[in-house]
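K.L.:
Just so you know, the sequences run in chain order A and B.
Here UniProt numbering is used: position 82 in the first sequence is 82, and no number is missing along the way.
Here UniProt numbering is used: position 165 in the second sequence is 165, and no number is missing along the way.
No wet-lab data here; the hints were simulated from the structure.
By construction, the Cβ of each residue, glycine as well, lies at the ideal position given by its N, Cα and C atoms.
Errors might be hidden in some of the hints.
[To be verified] Sample of chain B residues at the chain A side, in silico, Cβ under 8 angstroms:
#1 Leu-34
#2 Ala-37
#3 Leu-38
#4 Val-73
#5 Asn-77
#6 Pro-80
#7 Thr-81
#8 Gln-243
#9 Phe-246
#10 Asn-247
#11 Thr-268
#12 Lys-269
#13 Leu-280
#14 Val-291
#15 Lys-298
[Claimed, not checked] Below are the EDC-like pairs computed for lysine to aspartate or glutamate, each with C-alpha atoms no more than 20 angstroms apart in a straight line:
#16 B:Lys-188 / B:Asp-155
#17 A:Lys-71 / B:Asp-28
#18 B:Lys-65 / B:Asp-117
#19 B:Lys-102 / A:Asp-66
#20 B:Lys-188 / B:Asp-98
#21 B:Lys-102 / B:Glu-86
#22 A:Lys-13 / A:Glu-65
#23 B:Lys-188 / B:Glu-127
#24 B:Lys-188 / B:Glu-86
#25 B:Lys-65 / B:Glu-86
#26 B:Lys-102 / B:Asp-117
#27 B:Lys-298 / B:Asp-145
#28 A:Lys-37 / B:Asp-145
#29 B:Lys-45 / A:Glu-39
#30 A:Lys-13 / A:Asp-66
#31 B:Lys-269 / A:Glu-11
#32 B:Lys-188 / B:Asp-145
#33 B:Lys-298 / A:Glu-39
Below, each chain spelled out in residue letters.
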Amino acid sequence: MKHLVIHIQKELKKNLFDYLLLITAGTLFLISLNIFKGERLLEFIILFIFISFYIVWGIYHHIIEDSLHLKTVVEYILIAFTLLFLLKIIILPG
Amino acid sequence: MNPIKTFLHHLFVPHQGNNYRAKALHIDFLTYYLLFALFLTFGFKILYAKSGDILGFATDITVDKLYQLTNSVRQQNQLPTLTFNEQLASAAQRKASDMFAKNYWSHYGPDGATPWDFILSSGYRYEFAGENLAKNFLFSQGVVDAWMNSSSHKDNILKRDYTEVGFAVLNGVLNGEETTLVVEMFGKPLSTPIAQERLTLEQPETLPNTVEAESPVTENKPVIQQPAILAQKTSPQSKNVGQISFNSSLIFLTFLFLAIILDFYFATKLHIIRITGKNLAHLIFIGFIFVGLLLLTKGSVL
Numbered sequence: 001m002k003h004l005v006i007h008i009q010k011e012l013k014k015n016l017f018d019y020l021l022l023i024t025a026g027t028l029f030l031i032s033l034n035i036f037k038g039e040r041l042l043e044f045i046i047l048f049i050f051i052s053f054y055i056v057w058g059i060y061h062h063i064i065e066d067s068l069h070l071k072t073v074v075e076y077i078l079i080a081f082t083l084l085f086l087l088k089i090i091i092l093p094g
Numbered sequence: 001m002n003p004i005k006t007f008l009h010h011l012f013v014p015h016q017g018n019n020y021r022a023k024a025l026h027i028d029f030l031t032y033y034l035l036f037a038l039f040l041t042f043g044f045k046i047l048y049a050k051s052g053d054i055l056g057f058a059t060d061i062t063v064d065k066l067y068q069l070t071n072s073v074r075q076q077n078q079l080p081t082l083t084f085n086e087q088l089a090s091a092a093q094r095k096a097s098d099m100f101a102k103n104y105w106s107h108y109g110p111d112g113a114t115p116w117d118f119i120l121s122s123g124y125r126y127e128f129a130g131e132n133l134a135k136n137f138l139f140s141q142g143v144v145d146a147w148m149n150s151s152s153h154k155d156n157i158l159k160r161d162y163t164e165v166g167f168a169v170l171n172g173v174l175n176g177e178e179t180t181l182v183v184e185m186f187g188k189p190l191s192t193p194i195a196q197e198r199l200t201l202e203q204p205e206t207l208p209n210t211v212e213a214e215s216p217v218t219e220n221k222p223v224i225q226q227p228a229i230l231a232q233k234t235s236p237q238s239k240n241v242g243q244i245s246f247n248s249s250l251i252f253l254t255f256l257f258l259a260i261i262l263d264f265y266f267a268t269k270l271h272i273i274r275i276t277g278k279n280l281a282h283l284i285f286i287g288f289i290f291v292g293l294l295l296l297t298k299g300s301v302l
């Protein structure tokens, strides 16, 4: 566990701006979801924007780190879209 | 190592055999997850279509569960349980229908209709009456919890004077949004011989006024604002589908979160350097999605 904590600290220190950006976007996502609670289409649009942002964030982050690889991009896309479809079942099941 | 341990080790722990990345997070497995999510999406879509629920909104709210939870809360507070009353249920049903028909989210209709009008027109003569409303919730428990977190609604649920209750859960479109409304109506029927006698003597104009004057009308109009629920006598099948779809999403999110955590932990412990997405970023992202999922289960009360 010690290794994990040290790694997280190093990672956050090294890419503070990137992670702050991600956390800010996530916070805005939750606030927007709360504001437009009950408006299903808007909720889905908000979710889609956050999902898209995450993919772009991933690509941007790996470009900055000079570690961009097709496999990495595909990983972000697959995770993001899997979660999008899972939440779509709740938001717009019909 | 027995086969199960080997399998789990291969699935969650990065080592040479899985190219130093938990197999559960390999691109091929991630593709299977996406296909699985797509399968669930379209599977549930078909199930909803078959259940006849015209609204594209999944809820798991039932009158039975609401009744059970309400009485449970009263018992916990050493209060007598409420009896289910069909007339109050009918009044609640008509109130919910009226809200959809006239497009309002309030205890009072745009035409001045009060909750007491619905109760009286259902044939129920009351000494005390009250109403709680909710919308946009996914589960019965969420509705009752929200009411209990609001002092006015809580007062209604825990009011000693009430002896009967009726519920309605109705799906519809309110202010352009598909939603489920929950209406809970409380009452204590007129029981004194004098009151009954006055009732039989028919004084339709004075009776409601008299009753309302005696009953805590203002206190009885607690409307909860929170997530609304789809109501339209949701069929048991569609209710089950709502619960299953929510649980499926929750289980999958937990699985993915666990897989990433384990991979992250062992990769840092073993000082593995590899070209992959950032586990920390994935965890933050899934964390926000998880909170978002919980937010979606919250509605409003009035």
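K.L.:
Now tell me, hint by hint, if it's right for this structure.
P.N.:
Right, here's what the structure says about each hint:
1. Leu-34: holds, 5 angstroms
2. Ala-37: holds, 4 angstroms
3. Leu-38: holds, 6 angstroms
4. Val-73: Where the cut-off is 8 angstroms and the nearest Cβ of chain A is about 24 angstroms from Val-73 (chain B), the hint is violated.
5. Asn-77: With a closest approach of 30 angstroms, the Asn-77 (chain B) hint is violated.
6. Pro-80: violated, 35 angstroms
7. Thr-81: With a closest approach of 32 angstroms, the Thr-81 (chain B) hint is violated.
8. Gln-243: violated, 11 angstroms
9. Phe-246: holds, 6 angstroms
10. Asn-247: Constraint on Asn-247 (chain B) not satisfied, violated at 11 angstroms.
11. Thr-268: holds, 4 angstroms
12. Lys-269: It holds, given that the least Cβ distance between Lys-269 (chain B) and chain A is near 5 angstroms, below 8 angstroms.
13. Leu-280: Holds: closest Cβ of chain A sits about 6 angstroms from Leu-280 (chain B), inside 8 angstroms.
14. Val-291: holds, 6 angstroms
15. Lys-298: Where the cut-off is 8 angstroms and the nearest Cβ of chain A is about 7 angstroms from Lys-298 (chain B), the hint holds.
16. B:Lys-188 / B:Asp-155: holds, 15 angstroms
17. A:Lys-71 / B:Asp-28: This hinted pair holds, its Cα atoms lying about 11 angstroms apart.
18. B:Lys-65 / B:Asp-117: Violated, at roughly 26 angstroms.
19. B:Lys-102 / A:Asp-66: Status violated; Cα separation ~59 angstroms.
20. B:Lys-188 / B:Asp-98: Measuring from Cα to Cα gives roughly 23 angstroms; hence the hint is violated.
21. B:Lys-102 / B:Glu-86: This hinted pair is violated, its Cα atoms lying about 24 angstroms apart.
22. A:Lys-13 / A:Glu-65: holds, 14 angstroms
23. B:Lys-188 / B:Glu-127: holds, 5 angstroms
24. B:Lys-188 / B:Glu-86: The hint holds at about 13 angstroms.
25. B:Lys-65 / B:Glu-86: Holds. Lys-65 (chain B) to Glu-86 (chain B) sits at ~16 angstroms (cutoff 20 angstroms).
26. B:Lys-102 / B:Asp-117: holds, 15 angstroms
27. B:Lys-298 / B:Asp-145: This hinted pair holds, its Cα atoms lying about 10 angstroms apart.
28. A:Lys-37 / B:Asp-145: holds, 18 angstroms
29. B:Lys-45 / A:Glu-39: holds, 19 angstroms
30. A:Lys-13 / A:Asp-66: holds, 17 angstroms
31. B:Lys-269 / A:Glu-11: holds, 15 angstroms
32. B:Lys-188 / B:Asp-145: violated, 24 angstroms
33. B:Lys-298 / A:Glu-39: Cα-Cα ~13 angstroms, so holds.
The structure shown violates the earlier hints numbered 4, 5, 6, 7, 8, 10, 18, 19, 20, 21 and 32.
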